[in-house]
Each structure stands twice: as C-alpha cells, then as structure tokens.
Amino acid sequence: EDQVTQSPEALRLQEGESSSLNCSYTVSGLRGLFWYRQDPGKGPEFLFTLYSAGEEKEKERLKATLTKKESFLHITAPKPEDSATYLCAVQVVAGSARQLTFGSGTQLTVLP
Amino acid sequence: DVKVTQSSRYLVKRTGEKVFLECVQDMDHENMFWYRQDPGLGLRLIYFSYDVKMKEKGDIPEGYSVSREKKERFSLILESASTNQTSMYLCASSLRQGLGNTIYFGEGSWLTVV
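Chains as they are written, first to last, in my numbering: chain Y, 1 to 112; chain D, 1 to 114.
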C-alpha cells in the first residue's frame, strides 16, 4: 500500500532559525511529488512539483529537494508569515485521475 | 490564476437533511475532485470526475454522491447528513490526467451536522 509520512507533526522555530521538513514515501512508482501550503481555515496552496531524484526547486525562503525515498522542504531564515501547515502529496499512478495521496502535514509556527 | 470557487464556506445542517456543496472552476479543467479533511486523517478523496457526467469513487464514497452536468461545475451531495460527516470539504481541479498535473484547491466548506 502506498504511504506518505511527514515529520515532524509540528515544528516551532524562532524567526531566522532555518530548518527542514521531511516527507518520506513508499510507493510502487513515483510520478511526481507535490508540496502545498495550507493556512488555517483555507484550502491548500500549490508550492512545488518534483519529478525525479536530485531535482530541486526554490521559491523565496523555501527550497524543495527529492531523493528516491523522501523529499525535504528547507526553510531558510523563516518569518512569522511562513507559519502554516505544509502538506506533501505523491502522484502514484500515471494516467489516473485519482492522482494524489497526501501526508498528514507538518504544522509550522515561526515565532517573532 | 486558476480559481476554484466553493459557494458555501460555512454550513450548519441537521441530521437527516440533504446537503449540496457546489464547486465551480474557471480554467476549463477536465478533472474535478472532492476531498474531506479531518484532523489526524489528512485529505481523503471522496469522488472525482474526469469528464462531464463521468465520475469515479475515491477512498471514502459511502454516504456521498456527486453530479457533474457541466464541465466547470462539480457538486457533492450528502443524501442524509449524519454527524460523522461534520468536516471540512475541499473541491479541487486539474487540467488533465497524466504526469505532473497540479491539483488546485478551493477555499473549503466547513460543514457541521447537528
């Protein structure tokens, strides 16, 4: 069975304190790995898609990386506005509209 | 920008009522989805549709049905609402099937069944 596990469940950082969130996966065949940001009471907002091991993508203070077993979301010098829940999801069956299997998320709090 | 609009943000319904959740997307996307999100359980797929009048069950379809009469609109129906259907419901859409098609989400609908 395909599984996506995110760790830690919750993370508290001081403003400027860099860290990483982890998304590990066990799937039969990875087609794509997605990162989303979700603010309280709102829908997930798309951040990145990664397709193959070694790929990296950046957006402002965020950088996502991918290996054959996991993905990391690195947050450099975070600010309070980066506080949110970060979700990762894997696309496991190409050509199927079923598409994504989600992890449970990491709730990030950045303190001023 | 892709826009997925859920018409009702907050609803309170009584047990046994029929509930309609409406979703519209404005980007001519072929695929549309309904998820529910619960603390500790993450996002779970209820139903999805890959074309007008076409639908497939997701992981938790029991107690739900869907309707897609037009490409831009996808409705989730709770035939007889129950308290265990209290949740946040998320509609989403994507352009087509295949590799790397990003799923875009609406703002969510909070349903409370009392």
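Be aware that a few hints might be false.
[Said to hold, decoys possible] Result set (PhoX-like, lysine-lysine): computed pairs, CA atoms no more than 25 angstroms apart in a straight line:
{"no.": "1", "chain 1": "Y", "residue 1": "K59", "chain 2": "D", "residue 2": "K3"}
{"no.": "2", "chain 1": "D", "residue 1": "K3", "chain 2": "Y", "residue 2": "K42"}
{"no.": "3", "chain 1": "D", "residue 1": "K70", "chain 2": "D", "residue 2": "K57"}
{"no.": "4", "chain 1": "D", "residue 1": "K3", "chain 2": "Y", "residue 2": "K57"}
{"no.": "5", "chain 1": "D", "residue 1": "K55", "chain 2": "D", "residue 2": "K3"}
{"no.": "6", "chain 1": "D", "residue 1": "K71", "chain 2": "D", "residue 2": "K3"}
{"no.": "7", "chain 1": "D", "residue 1": "K53", "chain 2": "D", "residue 2": "K18"}
{"no.": "8", "chain 1": "Y", "residue 1": "K42", "chain 2": "D", "residue 2": "K13"}
{"no.": "9", "chain 1": "D", "residue 1": "K70", "chain 2": "D", "residue 2": "K55"}
{"no.": "10", "chain 1": "Y", "residue 1": "K79", "chain 2": "Y", "residue 2": "K63"}
{"no.": "11", "chain 1": "Y", "residue 1": "K79", "chain 2": "Y", "residue 2": "K57"}
{"no.": "12", "chain 1": "Y", "residue 1": "K59", "chain 2": "Y", "residue 2": "K69"}
Everything labelled a hint here was simulated from the structure, so no lab data went into it.
Against the structure, the hints come out as follows:
Note on K59 (chain Y) and K3 (chain D): the hinted pairing holds, with a Cα-Cα distance of about 21 angstroms set against a maximum of 25 angstroms. Annotation: proposed proximity of K3 (chain D) to K42 (chain Y) holds, straight-line Cα distance about 14 angstroms (limit 25 angstroms). Of the pairs offered as hints, the one joining K70 (chain D) and K57 (chain D) holds, with about 19 angstroms between alpha carbons and a cut-off of 25 angstroms not exceeded. Distance check on the hinted pair: K3 (chain D) and K57 (chain Y) sit about 24 angstroms apart at the alpha-carbon level, within 25 angstroms; holds.
At most 25 angstroms may separate the alpha-carbon atoms for a hinted pair to count; K55 (chain D) and K3 (chain D) meet this at roughly 21 angstroms. Among the hinted pairs, K71 (chain D) with K3 (chain D) is consistent with the structure: their alpha-carbon atoms are about 14 angstroms apart, no more than 25 angstroms. At most 25 angstroms may separate the alpha-carbon atoms for a hinted pair to count; K53 (chain D) and K18 (chain D) meet this at roughly 21 angstroms. In summary, the hint linking K42 (chain Y) to K13 (chain D) is supported, as the alpha carbons are separated by about 21 angstroms, within the 25 angstroms threshold.
With a C-alpha separation of about 13 angstroms, the suggested pairing of K70 (chain D) with K55 (chain D) holds against the 25 angstroms cut-off. Proposed proximity of K79 (chain Y) and K63 (chain Y) is supported: the alpha carbons are some 15 angstroms apart, at most 25 angstroms. Distance restraint check for K79 (chain Y) and K57 (chain Y): the Cα-Cα separation of roughly 19 angstroms lies within the 25 angstroms cut-off, and the hinted pair is therefore satisfied. A threshold of 25 angstroms between alpha carbons decides the hint, and for K59 (chain Y) with K69 (chain Y) the separation of about 22 angstroms falls inside it, so the pair holds.
Consistency note: the structure conflicts with none of the earlier hints.
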